[in-house]
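Enquirer: One-letter residues, chain by chain:
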Amino acid sequence: MLRHLHRTVNLFDTAKSALFLCLLAGCKQSGERAQVREPVYYERDDPRSLDPALSTDVTTGEMIALLFDGLTQFDGDGRLLPALSDRWTADRTGRRYVFHLRAGVSFHDGRSVAAADVKRSFLRVLNPQTHGGRVWPLLPIAGAGDFADGHATDVRGIEVLGDTAVAFTLTEPLAVFPKFLAMPVASVVPSSPPSDFGQRPVGTGPWRFVAWQHDDYLRFARNPNYWGGAPLSESLTVRIIPEALTRAAEFLSGRLSVVEVPFGETKKWEQEHPDWLKRRPALRPVYVPLNNRRGPLRDARVRQAINHAVNVPEILRTVWNGRGALAAGSIPPTLGGSDPSRRPYSYDTSVARRLLRAAGYPDGFAVQLWRSGSNVELGQVAQAIQAQLAAVGIRVEIVSRDASSMREAVRKGDTDMAILDWWADYPDADNFLYPLFHSASFGPGGNYSFYSDRITDSLIMVARRTVDQSARETLYRRIETRVFDAAPWIYLWFPVDLWAEHPSIEGWEVPVIFNGQHWTKVRVTARR
Amino acid sequence: MLQLVARRLLATIPTLFGVLVVAFLLLNVVPGDPVAEMVGERADSATIARLRGELHLDEPIPVQFGHYLWGVVRGDLGRSYITQRPVLGDLAERFPKTLQLAGAAMLLAVISGITLGVIAAIRPGGLIDRFSMLIAYVGVSFPVYWVGLLLILLFAVALRWLPPSGYGGIAFLVLPALTLGTRSIAFLARMTRGAMLDVLPSDFVRTARAKGLSERRVIGWHAFRNALLPIITVLGLDVGNYLTGSILTETIFSWPGVGRYVLLAIQKRDLPAIQGSILFLSVIFVLVNLLTDVLYAKADPRVAYD
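Residue numbers (this note's numbering), protein chains in the order written: chain A, 879 to 1406; chain B, 494 to 799.
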């Protein structure tokens, strides 16, 4: 049935794929002829701005990571590393952190970085006049909420200690706070940035801003004085290319250094060019939140039945080209706190029927599954789920909307089910539990299943306050087992990102977190 | 003629006001939340509420419209919620690029489409007629997407003659212009052929021939001029459409024009950007229609506007 579904993707996509097979075949030789002369990366859309205070999306965040530094940063493997702060300490309560600034760091315009710049940068993000939209990474700081609401003229929890250190007092202990400071919005900017700062940014990062032609390209030049060592390439260009097949054509023409392999072309590229490909398990669950407050989905047995009724391994293999690892929880297997011994829900329709009978739905029920019309792949997964749930009597109506309409409905709790993925903001289990399952995160905060459990809530808060990493991970495993048993989602999989790298490129890896690739070690060499 | 232009320009004011009202109301009715798009995937309700207040989105719709209208009257289309850049500046940056693409596509369409149509009409049923009509059928039937990707495949990836996408010199313009112009070439060829076939059997053409005029002059002057009206209609509609953004072509070829700007604004529910674009593009459309009407009168003096 799934193979049939896969074949019945709309004609348009089939045509695109057919054409692209020709394209790939036709350029086998020509693709290998070409060579990029400088690293050229791409984004799908224009960044929102180059002002860190406006960084609320992946595209903008990736660009901010090239131009700016925070006190801390992530590397491509998602490890937390020192950045503008070369060391930090936390007191025994876990509420007060002191970050010591790295000596001798300057902005691209030559001004030295001082501790006061850190405070001013954070006040700027929190200032209501900035209209940035992402203040939550700084809200744990005492007094930040009052300042953001316009009820205070200063943030009492930020203390500048001379020129070389800054201390933060938090409203309550938060073990992941140093990771919050590695997010793009917490980047340090010079004092009194001009009004067009978002168009002509000045940071401390490995790349200096050169030019930005909107919807066309951004150009950066190496920062020779970068504290972490100057990038190996002289320049970096980031082109804005919205269409996946055009990006692939650009790559095959030798005009892009790397490209994400178009979804429908996975097998072809794997066969034709295995040496080009790079894989990386993504910190991104693909899942279906089951609205725990609506109709039959309120009953955990019904939600468990749904999980048993969906043959996730088959959908992953056929619809998703096998590009993923089955999910037995929401924490990606590569992160501390995930439990490798937990098994996914088994595909067993008899168990599903039994659970439905026990819940009082022997004949099933009708339910809606929302999908974003622009995401073809997730749309196909939705169709597969629809077909499989029909086998146990659950009649699924697929509702296709544009992404914005769907997001609004999901956040308001107006949907029964929706097919989504969740991109990590910071590589930590907390990012997959607090926003997704804490009752304080209902709706816009990320808890789209409206899962609510007081014990889970309190355990998540205990984990956030636990500084000892090992104890924290033990807590996460316990929390996730509890949540998984309640089945607030259909647990699908964690995708494996598949990229192709031009043979002339060295030093590039698929980053595990969006702002973990700084392009400092990448260079174009003679063809291998 | 000047009176006509002045009268038509005055008449655009209520038209544009109507466009503004309808666009404003529609945007407030459709689902989707601009603040949700600003804050990204994870936000707290307090931030969302605060932003709604700061952007005046919590005010009654008539008040919001009043604010917007006052800005428009002062020549201010507002700032994008998402990028915080002035909408007018964004449009001014992108429109010349759309104009460039539309101009190239129309030039291509006029030269090839009309030539094909005229030649086809001279010998209906002949080899050239069949060939040009085949091209016309293919051009009308192929989706823009297909044409664009095929052209990229052939000329950029396989032959390496042209860049696959992007904005730059003439080399970057060829493929998108050809893609955008294909439908117009096909339509114009068919329209020109039909109009010429209607005109060629006319008495005045026979008279022109009887006067001993050369065939070139008979076809090119007497017949073609009388076949111009439907051609101008097609041209006017296409120019209007191209200038108001060719979303597919601009997307396939990563062309930084107005079409992509509007698309992203809609996807992000960026109200000032959408409203500003609608107003700006409506003005363009009205002006193109006005130009078309003027050309009607020029092409055929019998056309009179009272």
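There may be inaccurate statements among the hints.
Label-pair distances were calculated between CB atoms; the ranges are [to be verified]:
#, chain 1, residue 1, chain 2, residue 2, range
1, A, G1028, B, D569, 23 to 31 Å
2, B, Q760, A, T1403, 32 to 40 Å
3, A, A1099, B, D569, 57 to 65 Å
4, B, W563, A, S1069, 47 to 55 Å
5, B, W654, A, K1146, 23 to 31 Å
6, B, W563, A, Q1077, 23 to 31 Å
7, B, W563, A, G1040, 45 to 53 Å
8, A, R1195, B, P723, 28 to 36 Å
9, B, L497, A, E1275, 52 to 60 Å
10, A, D1292, B, G511, 31 to 39 Å
11, A, P1152, B, A664, 43 to 51 Å
12, A, Q1077, B, F635, 49 to 57 Å
Below, a list of computed lysine to aspartate or glutamate pairs in the EDC-like style, where the Cα atoms sit at most 16 Å apart [unchecked claim]:
#, chain 1, residue 1, chain 2, residue 2
13, A, K1156, A, D1375
14, A, K1156, A, E1379
15, A, K1290, B, D526
16, A, K1399, A, D953
17, A, K1399, A, E1037
18, A, K1290, B, D793
19, A, K1156, A, E1138
20, A, K1290, B, D569
21, A, K997, A, E1037
Don't read these hints as lab results, they were simulated from the structure. The structure presented is a predicted model; accordingly, all values stated were derived computationally and were not measured. Note that CB positions come from ideal geometry on N, CA and C, so glycine has one too.
Enquirer: Run every hint past the structure and note whether it holds.
Expert: Cross-check of the supplied hints:
Between G1028 of chain A and D569 of chain B the beta carbon distance is about 26 Å. The supplied range of 23 to 31 Å therefore holds. Between Q760 of chain B and T1403 of chain A the CB atoms are about 39 Å apart, so this pair conforms to the stated range of 32 to 40 Å. Look at A1099 of chain A against D569 of chain B: about 35 Å separates their beta carbons, and that is not inside 57 to 65 Å. The given range of 47 to 55 Å is broken by W563 of chain B and S1069 of chain A, whose C-beta atoms sit roughly 35 Å from each other.
Under the hint 23 to 31 Å, the C-beta atoms of W654 of chain B and K1146 of chain A, about 25 Å apart, fit the expected range. Remark: the range hint 23 to 31 Å for W563 of chain B to Q1077 of chain A is upheld by a beta-carbon distance near 27 Å. Checking the proposed 45 to 53 Å range against W563 of chain B and G1040 of chain A shows it holds: the Cβ atoms sit about 49 Å from each other. The given range of 28 to 36 Å is broken by R1195 of chain A and P723 of chain B, whose C-beta atoms sit roughly 56 Å from each other.
A hinted range of 52 to 60 Å holds for the C-beta pair L497 of chain B and E1275 of chain A, which are about 55 Å apart. Evaluation of the 31 to 39 Å hint for D1292 of chain A and G511 of chain B yields a pass: the beta carbon distance comes to about 33 Å. Distance hint check for P1152 of chain A and A664 of chain B: the Cβ-Cβ separation is about 33 Å, which falls outside the suggested range of 43 to 51 Å. Distance hint check: the CB atoms of Q1077 of chain A and F635 of chain B are about 40 Å apart, inconsistent with the given range 49 to 57 Å.
Of the pairs offered as hints, the one joining K1156 of chain A and D1375 of chain A holds, with about 8 Å between alpha carbons and a cut-off of 16 Å not exceeded. A C-alpha spacing of about 7 Å is found between K1156 of chain A and E1379 of chain A, which places the hinted pair at or below 16 Å, so the restraint holds. The straight-line distance between the Cα atoms of K1290 of chain A and D526 of chain B is roughly 11 Å, inside the 16 Å bound, and the hint therefore holds. A hinted pair counts as satisfied when its Cα atoms are at most 16 Å apart, and K1399 of chain A with D953 of chain A qualifies at roughly 12 Å.
Under the criterion of a C-alpha separation no larger than 16 Å, the hint pairing K1399 of chain A with E1037 of chain A is inconsistent with the structure, at around 35 Å. At most 16 Å may separate the alpha-carbon atoms for a hinted pair to count; K1290 of chain A and D793 of chain B exceed this at roughly 60 Å. Of the pairs offered as hints, the one joining K1156 of chain A and E1138 of chain A holds, with about 9 Å between alpha carbons and a cut-off of 16 Å not exceeded. Restraint check for K1290 of chain A and D569 of chain B: not satisfied, since their Cα atoms lie roughly 34 Å apart, outside the 16 Å limit.
Among the hinted pairs, K997 of chain A with E1037 of chain A is consistent with the structure: their alpha-carbon atoms are about 8 Å apart, no more than 16 Å.
Violated hints, in rising order: 3, 4, 8, 11, 12, 17, 18, 20; the structure is consistent with all others.
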